[in-house]
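Let the sequences and hints guide you as you build the complete structure.
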Amino acid sequence: MHTKLKIREFLEQFFGDHQLRDDEDLFSTGYVSSLFAMQLVMFIEKEFQIHLKNEELDLKNFQSIDRIANFLEQLKVENV
Amino acid sequence: MKVQLTTNQIEWRQQFRRFAEEQVKPYATQSDRNERLSEEIMESIRSSGYLGSMVQEEYGGKGFGPITQGLLNEEIGKVCSSTRAMLTVHGMVAIAIQRFGTEEQKQTYLPQLSDGSILGAFALSEPDTGSDAKSIQCKAEVRNDSYVLNGVKKWITMGQVADLILVIAQLNDGPTAFLVEKDTPGLSIEAMTGLMGNRASMLAELHFNHCVIPKANRIGKEGMGLSAVALNSLDYGRYTIAWGCVGLGQACLEKSFSYSKTRKQFNQSIGEQQLVQKMLTEMIVEVKAARHMCHHAGYLKEINAPESIMETWAAKYFSSKMGVNVANHAVQIHGGNGYIQGNDIERLYRDAKVNEIIEGTSQIHEVLIAKNANMAWIRS
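Sequences listed follow chains A and C, in order.
So in our numbering, spot 6 of the first sequence is number 6, and the numbers just go up one at a time.
Just remember that our numbering sits 1000 ahead of the position in the second sequence, which is counted from 1.
FYI, nobody ran anything at the bench for these hints, they're computed from the structure.
No experiment lies behind these values; they were computed from the predicted model shown.
It cannot be assumed that every hint is accurate.
[What the hints assert, rightly or not] Negatives, chain C to chain A, calculated, CB over 10 Å:
hint : residue
1    : His-1207
2    : Ala-1305
3    : Leu-1368
[Said to hold, decoys possible] Short derived list, chain A residues pointing at chain C, Cβ under 8 Å:
hint : residue
4    : Arg-8
5    : Glu-9
6    : Leu-11
7    : Phe-14
8    : Ser-28
9    : Gly-30
10   : Ser-33
11   : Ser-34
12   : Leu-35
13   : Met-38
14   : Gln-39
15   : Phe-48
16   : Asn-54
17   : Asp-58
[Stated by the list, open to error] Okay, the calculated bits of chain C under chain A, using three or more residues with CB under 8 Å as the criterion:
hint : segment
18   : 1190–1197
19   : 1238–1244
Even glycine gets a Cβ: it sits at the ideal position worked out from N, Cα and C.
Right, dumping it as structure tokens:
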């Protein structure tokens, strides 16, 4: 499955019927609680089989579907 | 579907049970009375290596998985809640360093935390800040190559004896985590006494007065002290507390079951009375249900599932309420004999209550669980 689709599928449980744009800020929508960041990081690590390093745990990397997909793409490039 | 412990986990549980019965239980009452964990408990915990149960083996820990960590906390929680509290807060510091620490911080502190040569404590709460953690007032400022901490932390479990304290303070208006060593100038420690339960948890109020720490002691990114570091530690805290409650409930159940067989009234054991049977049934079912919830949360942690976070909130919420209910029944079954110092039931009853307050009150759990409820989670 395409990376963005996988992310969307995970996010649906938090955002319900809200039509999320790829560039929409996930944290300022009012749909998520303080626990969301932790749940999102766990999802990314499990789904994409990676272990995020301390310096990678920056909210900027997880702010939108676009940002997450770009970040994962960048990780792939760095690991080649 | 298969829900059973592995052979390895069963063996560990036997070892934990033996350790708890032989090394901790004999000193639990004395520790409660003295409001201080006995030297015997401290020494045996250190030499057992269980303080490093959550630390990876490469840093000197036991590297237990979440289920095995849970079993340890159940068995210790069954005999002494204050000792279980020590395992919890110590582990909260260790896992913060393991997850968010620099390699240097890991190499410096994790082996010492694992072998017990240093003890950890977690400092978030303040005199005026409990549930609303974002409003902490303790402040950190940058000065040259250092941070300067000012403020007060309160209700810090093991604060009287901890060597390394994980402190959450505002840095440029963003909660940030710092590691503070006990002997740092500007840190003074005031013991808190007179607790209702968990009396040997050696709580303290910590005063930071121009307390200067090296810049290398920040843990995690600036502004991520609450949303990342503390939440991760508190998740571990809730998980181990939930398991500790299962142990406490199990102890109440076993003692009540035995007592109801031997105590005779109206020419028969009280266990023959249907109203006592009702209480025993509720105790059995509630303890079993709580243990299942802890197992489920633990399983989700083992597979790194994001659902584990909310399952842990649910398990802690239920288990802490269960602990209070079951301890209440235990006192009722024991009558006057359970209402006097020296009987373990009296201590267990007092110890149970705090679990509805720490690592999020039951009311905060109710708000958060309802807010985070979504169809995917409710159906799972």
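- prompt: Which earlier hints can't be squared with this structure?
  reply: Hints 2, 3, 4, 5, 6, 8, 9, 15, 18 and 19 not satisfied by this model.
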